[in-house]
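Protein chains in written order, with my numbering: chain Z, 1 to 436; chain A, 1 to 224.
Please keep in mind that the hints were generated in silico from the structure rather than gathered at the bench.
Warning: the hint list may mix true and false statements.
As the list claims (entries may be wrong) - From the structure, some residues in chain A lie toward chain Z, with a derived Cβ separation under 7 Å: (1) 57; (2) 61; (3) 84; (4) 105.
Said to hold, decoys possible - Now the in silico label distances, taken between C-beta atoms and shown as ranges: (5) Z:320 / A:11: 48 to 54 Å; (6) A:189 / Z:348: 22 to 28 Å; (7) A:126 / Z:13: 25 to 31 Å.
Stated by the list, open to error - These stretches of chain Z come out as covered by chain A in the derived footprint (C-beta under 8 Å, 3 or more residues): (8) 38-46; (9) 96-102; (10) 331-343.
Only a predicted model underlies this, so the values are computations on that prediction, with no experimental measurement involved.
Positions of the beta carbon are idealized from the N, C-alpha and C atoms, including for glycine.
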Amino acid sequence: MLKMIVKNLWSHRKDNGWIFIELIIVSIILWVLLDVSAVYLYNDTMSLGYDNNQLCKIDLVSYMPADVKYNSDYDSLDLRKEHVDRIMRKLKAQKGVENVTYQFTSWNYINSESNMTYHYISGNQSIDSLVKQVDVIRFIPGNNFFETYGMESVAGSPSAEELSKMDYGYSDIIVTEDYARRFFGDENAVGKKLYFINSNNDTIWSPIKGVLKDVRHQQFRPVNSLAFRPQYDSKEPEVTMTVRLLPNVDVEEFVKMLESSEDDFSSGNYYVFDVCSYNDLIRKVGGEYEIFNRLVFVLMIFFMINVGLGIMGTFWLQTRNRTRDAGVMRSFGATRWNIRKMLLGEGVVLSTIAVAIGCFIYYHVALEFPFLSKAFAIRYDEGFNIIDYWVTNFGEHFMIISLLCYVVVVLTVSIGIYIPARKISNVNPIDALREE
Amino acid sequence: METIIKLTEVNKIYRTKEIETQALDNVNVEIEKGSFVSIMGPSGCGKSTLLNIMGLLDNPTSGQVEIAGVVANNMNEKALASFRNSTLGFVFQSFHLINSLSVTDNVMLPLLYRNMNGKERNRLVAEALEKVGLSHRINHRPSQLSGGQCQRVAIARAIVGSPKIILADEPCGNLDSKMSADIMDLLQRLNREHGKTVVMVTHNEDQARQTDRIIRFFDGRQVV
């Protein structure tokens, strides 16, 4: 049967040639669109690594010397911390609040658009091979940071609560399991050391105090390596406060309550600048990317419908033209299924070769022009070491998307063939033989 | 003599919204095994309908069709296909070769629906082509052959699976007299030397006379 299928394809090569080229082009475009959509859908369904549902973020801003309400008496580091602590205590005393934490920064919190990167180096290995970039987030020890976010530590590491309470040296770090794995092969990194070179060219050793399960810093990116460094004070005029509410508390109601009583939560030079739920924050930060991704997704669907109809139409016409052949075959003992099987087989063989060539071409073009692979397969890998999950492992990724592409093309072609094949195989052989 | 085709009280009525046409009217035909029979009659008298019913390509409206001892009326699609494949070989007036396939592939067609290895298939195809004198044309396409050669290919296709019965619907209808004579010789040889039962529809009195028996038809009825 396969031999006959190949012979049929070859003997109809003039007609099949165009369809074949069309299928190759479709495969390439489909690959690109499926790829983006698959990455988008996959990222969208990935766990954030912390519990965002009951979280809200409060931005505190300090009055500046030029402001009327500015009071220079409150501007020492100690007093600033005291006033922030006072606001934190007030928030903690609110009904429905489970935990509160804060950071002396307005730009580098979990799910912020900005990031701060360090290059850590493994001390006992060659420097060249083990310099790993990491996204660093600062936290204030003794401030319920990890449990407020709902992060979890890996087995063998102190718990999130213990990590929040621990005393830290200036260069101590807590890393996510992805980062630990990159250096040490597994997540058992507590007690091990990394170092970095500071701006004075000094080598600063950083003992690892804990390892957390992977956390997505930014919702629009997949998991990336994170390290948490302690911070005891800061001259920055802005503070990010994160509140975890009890499970039965309505976050939106709580946000509204805070917005309507912002003055009650002012202390010293600090006042509430903005309040939002973490879900809103995620939507806002990821919105721009989400629009792009959704646009691509819609484009893909549109393309697939159009191409699908085109392919089906082409195969429909070609299959219908073989009614007489079907009549001949039935006269000599073919069943209806034999005819359908042969026509479907032709479509599957043609699609298989076309998709294989299409994917092969895409693979080489993507390697030749990195913007393609960067734009799609590893589109989020701009300056970050991203965890090796299938989306960023090009080989694995390529195979999965190619397979997906193959399934879509074969299904489309099969539908395009099956309906007319069914029709012509049901025609009485006598009537079929009359067709010219 | 053993009867190989037996049609009992066969009627065939074609119905459209407006009219009803009786193509076969209470036909009773018996054909003996190993005979060469021709069916004659004017156009539209039901000859081809009768041949199609004998070939199980069409169902009678009523009556019984028995081929090689098997009553075919209640056979399902799969059984019919298998029976056609093993017992019947068709030769059509306009050859009905698949133009995109080579001579070999056209002849091989009935064997594709049998459990058989490629070697065996190739052997049978070579034998069939040798019988019709076309061994030198195996890789040609039908479009590269003359009408007579196309009909020889069609005959090779009809006999490749060693069917007991060959049903030929005006096999010389599209051929000149010389080619027609060749085809008639071939059919006679298949009948005499290979014991095939041949049923042939024809308009040509000379060709009919070369057969063992002539069944004449008029207005859907057998004329004695």
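Hints versus structure:
1. For the restraint placing residue 57 of chain A at the interface with chain Z, the shortest Cβ-Cβ distance is roughly 5 Å, inside the 7 Å limit, so the hint holds.
2. The beta carbon of residue 61 of chain A comes no nearer than 14 Å to any beta carbon in chain Z, farther than 7 Å, and the hint placing it at the interface is violated.
3. Residue-level restraint check for residue 84 of chain A holds (minimum Cβ-Cβ distance to chain Z is 5 Å; threshold 7 Å).
4. Against a cut-off of 7 Å between C-beta atoms, the interface hint on residue 105 of chain A holds, since the closest Cβ of chain Z lies about 6 Å away.
5. The hint said 48 to 54 Å for the Cβ distance between residue 320 of chain Z and residue 11 of chain A, and at roughly 33 Å that hint is violated.
6. A C-beta distance of roughly 43 Å is found between residue 189 of chain A and residue 348 of chain Z, which places it outside the suggested range of 22 to 28 Å.
7. The supplied range of 25 to 31 Å is met by residue 126 of chain A and residue 13 of chain Z, whose beta-carbon atoms lie about 26 Å from each other.
8. With a cut-off of 8 Å between beta carbons, the region 38-46 of chain Z has 0 residues touching chain A; three or more are needed, and the interface restraint is violated.
9. Check on the region 96-102 of chain Z: 0 of its residues sit with their Cβ under 8 Å from a Cβ of chain A, so the three-residue criterion for coverage is violated.
10. With 7 residues having a beta carbon nearer than 8 Å to a beta carbon of chain A, the region 331-343 of chain Z meets the requirement of three or more and the stated coverage holds.
In summary, the numbered hints that this structure violates are 2, 5, 6, 8 and 9.
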